[in-house]
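Q: Chain by chain, the residues run as shown.
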Amino acid sequence: MPKTYPEMQLDALRELANIGSGTAATALSSMLGRPVDISVPAALALPIADVVEATGTPDAVVTAVVLPLIGDLDAIALLLFAPEDAATLCGLLGVDPDSEVGLSALAEIGNILGSAYIGALSTMTALALEPKPPETATDMLGAIVASVLAIGAQETDIALLLDSELTVEGAECSLSFMLAPGSDGVDEILSRLGLAG
Amino acid sequence: MTETAETMVRMGELAVSKTPGHVLASIGLGSCIGLVLVDHARPRAGLAHIVLPSSVNGADAGAGKFADRAVPALLERMAALGAMRSSLHAVLVGGAQMFSLGSDSSLDIGRRNEHAAREALTAAGLAVRAAATGGSNGRTVRVYVDSGLVTVKEPGAPEVEIFSKPGANGRAR
Chain A
1 MPKTYPEMQL DALRELANIG SGTAATALSS MLGRPVDISV PAALALPIAD VVEATGTPDA
61 VVTAVVLPLI GDLDAIALLL FAPEDAATLC GLLGVDPDSE VGLSALAEIG NILGSAYIGA
121 LSTMTALALE PKPPETATDM LGAIVASVLA IGAQETDIAL LLDSELTVEG AECSLSFMLA
181 PGSDGVDEIL SRLGLAG
Chain B
1001 MTETAETMVR MGELAVSKTP GHVLASIGLG SCIGLVLVDH ARPRAGLAHI VLPSSVNGAD
1061 AGAGKFADRA VPALLERMAA LGAMRSSLHA VLVGGAQMFS LGSDSSLDIG RRNEHAAREA
1121 LTAAGLAVRA AATGGSNGRT VRVYVDSGLV TVKEPGAPEV EIFSKPGANG RAR
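Protein sequences appear in the order of chains A and B.
Quick note: the first sequence uses our numbering, first residue 1, plus one each step.
Quick note: the second sequence uses our numbering, first residue 1001, plus one each step.
Don't take every hint at face value.
Partial list, computed: chain A residues near chain B (C-beta under 7 Å) [unchecked claim]:
#1 I48
#2 D59
#3 V61
#4 P68
#5 E135
#6 A137
#7 D139
#8 M140
#9 G142
#10 A146
#11 S147
#12 A150
#13 Q154
Honestly, the hints are just simulated from the structure, not real lab data.
Cβ atoms here follow ideal geometry from the backbone N, Cα and C, with glycine treated the same way.
Looking at chain B on its own, in the form it has when it is part of the complex (with noise of 0.2 Å):
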């Protein structure tokens, strides 16, 4: 990859960006989702590092910390960007389980994550294009703004591309 500016999206945070060249990066997420949404018709994306399913109980929180309030937040802030909700994406990377942590099933954060995520975005009527989500191991998401390019990588593993903004000739699945 080229030299590019990237701004790191921490646990709880979220961003958006219309800057040419620009990249979004969450690294290492484990039981964390990112959650991105890039507009196909402009070059206008988004990313949330959602740590935990809902806010119950977390009057406090960063606008990207709990998934169901990430996602008005982020179409918030697509929208002041001049995203045109109609035109975007969503992509969801993460929600792995990294740990057992014995057999209470309601501590795998990760799935619990990923199903409130889906939620939130099937509530505001956007479906979720592709998705690396699942299994045991850490991943690092990152999106380029100009492309829409969605790329993840696990470690040890090279950067793979997950999904990319339509063409002129069709829409991607």
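For reference, chain A alone in the conformation it holds in the complex (with noise of 0.2 Å):
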């Protein structure tokens, strides 16, 4: 039977991933110096087929932060940035955005981030998470959207993707930070917030 959430179950969702990337900008924001503004999250229930057309142009070269969650649930954070608004954001933290140490810097920034984002999340839902080390890649985001959703692909055809961008006010640089739980998570979470379907 193919999986579909009610659109309450998607506020809900939503609110979660508001809170989430809100304490997550606070992050960014005291790191940079910088005021950071959150746009209000989409929260995608789709076909697999149609879920990495929503994140973006398919065929997009993006750098990418993943970073496994793991605890009470299974779930993949992941930050995608184009490779302007990489470089914008290496150059405000002083390193050389083509460099080892470039990609390392966007990978704490993932980390911090993310550990921001998870630890809002843990405290709404009791859940208790944990990030596990950032990786970075920088490639076609159809490609990298889709091998983070093949992961939770086994038992369902609908993709779940909690989708927050972070715009850094007056760098013109933004970021989009994506949550992508296993469709157990995705459960999990929804029972912590009384809404199990």
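With the hints as a guide, bring both chains together as one complex.
A: Structure, rendered in structure tokens:
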């Protein structure tokens, strides 16, 4: 049976993403010493065939930081930067974007934002979660998003993705923060919120 | 490349075509596998965008999602289009490991996908004529229905031909 999520559950997940990305934005802001804005997050529950295009242009090259989350549930946090935004962020941190140091700076941003986001998520749901070390890759958006979603695709054809956009004010620089819980993970989050289906 | 009608074969989908000038494409294969079948005697081509190796616990899946089901499903669609099984060539693209995600090798979905696709093809009596698999880069695959040409493009690199149908003079390996 294909899995669907009623609007009330998606609203709750969107609110979780909102609080999580708000906490992440605060962390990024204190790291950069600049205000950081967040968009209203999207809670995408789409057939896997549709989900890649919902996140952007499949063949656009992006830099990704992947942060696997373990603990009471399995999920993957994914930060995506357009190349020019990755360069701007590295510039704000005073490192060369085309170097190992640049990539590890982005990984560290991923680590800090991811930890802030899931810290907020843990507090709200009383789920114990911790991040594993981040990994980076620069590749086609489609290849990155599909490879992350494949991990949770065994038992469902519906992919769930919480997608937030963070924008650094005055620097023309933004990044996407996505959380892809496995299907068991979504059920666990919803049941902690008293919204199990 | 000239302007042509392109059909996008997205995660878990499969498509076949005998339309002259038509192109089948999967953009951004990471751990996924693009399984290509072309008929060397007539313009028939098929492409499945495989996501995972096997369909255990995945009853409601799209026809192309699992390697073990995608191979028979694609063969059936090709046969319905008039392709001859004995003249089919298989090509595999993708199966990269984009992220290691720790040391758990069960998470190397790319490698497992390739293995499962090769197994299913062998079981169906089909040989893999060309492959661009493994590594850590994403790939885009395009199949040109007229010519049976299969190309691969990695980010920042040009489109490269990895398979063309054997000409009148001989057989491709």
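Q: Each hint needs a verdict: does it hold in this structure or not?
A: Taking the hints in turn, this is what the structure says about them:
Evaluation of the I48 (chain A) hint against chain B yields a held restraint, the C-beta minimum of about 4 Å falling below 7 Å. The closest approach between the C-beta of D59 (chain A) and any C-beta of chain B is roughly 5 Å, which is under the 7 Å cut-off, so the hint is satisfied. Taking 7 Å as the C-beta cut-off, the interface hint given for V61 (chain A) holds, the closest approach to chain B being about 5 Å. The beta carbon of P68 (chain A) comes within 5 Å of a beta carbon in chain B, closer than 7 Å, and the hint placing it at the interface holds.
Interface hint status for E135 (chain A): upheld, as the beta-carbon distance to the closest one in chain B is roughly 5 Å, under 7 Å. The interface hint given for A137 (chain A) is met, as the beta carbon of that residue sits about 5 Å from the closest beta carbon of chain B, less than 7 Å. Hint status for D139 (chain A) relative to chain B: holds, with the closest Cβ pair at about 4 Å, below 7 Å. Annotation: interface hint on M140 (chain A) holds; nearest CB of chain B at approximately 4 Å, less than 7 Å.
For G142 (chain A), the suggested interface contact is upheld, since its CB lies about 2 Å from the closest CB of chain B, less than 7 Å. For A146 (chain A), the shortest C-beta to C-beta distance to chain B is roughly 5 Å, which falls under 7 Å, so the interface hint holds. Using the Cβ-Cβ criterion of 7 Å, the hint placing S147 (chain A) at the interface with chain B is satisfied: the shortest such distance is roughly 3 Å. A distance limit of 7 Å between C-beta atoms decides the matter here; for A150 (chain A) the minimum to chain B is near 5 Å, and the interface restraint holds.
At a threshold of 7 Å, the smallest CB-CB gap from Q154 (chain A) to chain B is about 6 Å, leaving the interface hint in force.
Going down the numbered hints, you'll see the structure goes against none, and every one checks out.
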